[in-house]
Amino acid sequence: MPDFALLRTTTFRVALLYLGLFLASVLVILVLIYWFTAGFIERQTDETIAAEIAGLREQYRQRRLPGLIEVVKSRSAVPRTSTLYLVATPTFTPLAGNLSDWPDAEPDPEGWIEFEIADAPEAPDGGSHDARAVVFTLPGGYHLLVGRDTMERRHFQERVLISLAWALLLTVGLGAAGGVLISRNVMHRIDAINRTTRQIMSGALQERMAVANNGDELDQLAGNLNAMLDQIEHLMVGMRQVTDSVAHDLRTPLTRLRSRLEITLVEAATEDEYRAAIQEAISEADRLLGIFGALLSIAEAEAGTMQRSFQKVSLSDLARLMADLYEPAAEESGLGFVSDIRAEPVVLGNQQLLAQAIANLLDNALKYTPAEGCVTLTVKGPEGERGACISVADTGPGIPAEQRESVLRRFIRLEASRSSPGNGLGLSLVDAVARLHGARLEMDDNGPGLIVSLVFPRMAPE
Amino acid sequence: MSGGMGGNVGGGNAGGGFGDGRPREGSGDRPFFGYDGAMKILVIEDDAQAAAYLVKGLKESGHVVDHAADGKDGLFMAGSENYDVLIVDRMLPGRDGLAIVEILRGAGTETPVLFLSALGSVDDRVRGLRAGGDDYLTKPYAFSELLARVEALGRRKSAAVTTTRLQVGDLEMDLLARKVKRAGKQIDLLPREFRLLEYLMRHEGNVVTRTMLLENVWDYHFDPQTNVIDVHVARLRQKIDREFPTPMIHTVRGAGYCLRA
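Heads up: the protein sequence lines correspond to chains A and B, in order. Take the first sequence: its letters are residues 0 to 461, numbered as in numbering that gives the first Met the number 0. Take the second sequence: its letters are residues 0 to 260, numbered as in numbering that gives the first Met the number 0.
Same shape as in the complex, but just chain A:
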């Protein structure tokens, strides 16, 4: 059974289509070439004959038969001429001209005849030649023939035809080769994309499409697919990180919870002891749920899917509200609270997540600033390259410059803060929220203390 798989491939079909179109256009061009060359020469022959006739007719009008014969004689004597002349008697006996016999052919209604001459005048090869001529019958029964040797013309036409045939043949060959090459090239790249896709599906997630760097559609396709894969990989890495964190960091408190309950079951005797153990277990569970919720919030912010529901958020209104919420708590801890709102910037974002981020920063500031200190909430408008900015400053111990990167990681708590409550996720969430909003999280020395700023990208003017 013949294998038609090749015939079904797009490569073959594209090549075939290409060849067909190529052939058709070349054919049109060749016909035109023939028309302009061979056709032109044929028309030129007839025109030359017509011009000769016009000249002879003029001679005949002026000088009658003797003048005509004289002119014919003199013209026939021109060497290597391809024009044929013959003046004959009414009985077709030649009188003058460069043909030895009156040709034996029947003229068509317009007087044209085609014939063969055995001994062409001054012909280069001397063999029999084709000729074309017009015959007239002059008053008195004399005959006149004016024509041209068409041998050369026919040769030329044949040469042109052969050239055109070769051109056509070459076209088929080159066209087929070109078609196969071009479609091969395109299909080869599509095949490469397919191959890579299959590899990725079978688990080689780090594979990427080859990009030829010439900026064509296939490159764009490959580039888009790569960007998509990067995005997917990024999300998967994020998800794996969450799973890992959950596995690592929830296992410890869960184990603690479990063993505590187990001990209670074995040792507790009175109802009060049971009650106390249950209360403890519940608060431990709540702490776990808090961690879990924070992790999910971080993952949600990092997934970036929320950007679709972004709305305009006034940073100054947000700051006023957060100040309203936190000022009493700060005063209660013996801290000064200053809200310094210098502009009314509006950013695109998620109000709740931004509020949560600011709340986390304020929680930290309140937690780590000793009494008599001061917490400052500042909102600034765009300045130069920097977009709008909201920052929380405290006068606490601050974070050493070399540790600022690491505190953004999940569950990282500095040695100094191990004893205070918290789960080490607060700044991670702030960082995730910042990145969701395209904002930069900056930590600086407040001398003394820490100043944490969310610097938003400049909004395009509307």
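You may find that some hints are simply not true.
[As the list claims (entries may be wrong)] As a list, the in silico SDA-like pairs of lysine to any residue whose alpha-carbon atoms are at most 25 Å apart:
id : chain 1 : residue 1 : chain 2 : residue 2
1  : B       : Lys138    : A       : Gln278
2  : B       : Lys138    : A       : Thr254
3  : B       : Lys238    : A       : Gly335
4  : B       : Lys55     : B       : Asp72
5  : B       : Lys58     : A       : Trp165
6  : A       : Lys366    : B       : Arg191
7  : B       : Lys138    : A       : Ile277
8  : B       : Lys138    : A       : Glu279
9  : B       : Lys55     : B       : Asp65
10 : B       : Lys138    : A       : Arg257
11 : B       : Lys55     : B       : Asp45
Just so you know, the hints here were simulated from the structure itself, not pulled from any lab data.
Fit chain B to the known structure of chain A by using the hints.
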């Protein structure tokens, strides 16, 4: 956001067993205000254990509770009986909780709905409220938080009439003039304190949790790690209760606050 975990706000113990420290507990010391306290509640929840826990807790708190295990039954029961509050799980077999509420709202049922959901993101919450839910609580939740919210919803229904004055015992609030008096004596409140007191007075006799206050007075749902809400309530308490013999703002351990005469 883990907006529903009221128990861990402020560092206290989470809402423990049913009715622990509740002002009501089967006794008559709860003031009557427009309705007798007992509500008819429909719980639409497919998880049998979670439903049993909910039904038991709500019944022990003095309410009449029906349970539907799937969306179809739930829709039928909600449509045919007259409930005060519906508690609807977001993820139900056969029919999404959102769709049920949309159908009910489409049919003109105004019964307040509390969504329960394991989906706790900001977007999920917005979607739930947009579908016609009145409140949204993320699983897992402290029962005290759920009870406070359910009772707040029941109260909202009975107190839907617009009023210009609120009164609890000798505490009076003029909503138009923005003035508060206790025992005839004027009390000056900051705007935020006024809103806080208004919310407490509107839910007089009910427990309101810290997250409920954050959501309704400040319009935010997140977990502050510090006791910001407690400080606000403490300041309000200073102004309302300090110079008077009987305190009105009570702390309900492991749950929140309750204002009553």
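Going down the list of hints, with the structure as the test:
no. : hint                  : result
1   : B:Lys138 <-> A:Gln278 : holds (19 Å)
2   : B:Lys138 <-> A:Thr254 : holds (22 Å)
3   : B:Lys238 <-> A:Gly335 : holds (22 Å)
4   : B:Lys55 <-> B:Asp72   : holds (20 Å)
5   : B:Lys58 <-> A:Trp165  : violated (100 Å)
6   : A:Lys366 <-> B:Arg191 : holds (24 Å)
7   : B:Lys138 <-> A:Ile277 : holds (20 Å)
8   : B:Lys138 <-> A:Glu279 : holds (20 Å)
9   : B:Lys55 <-> B:Asp65   : holds (11 Å)
10  : B:Lys138 <-> A:Arg257 : holds (21 Å)
11  : B:Lys55 <-> B:Asp45   : holds (15 Å)
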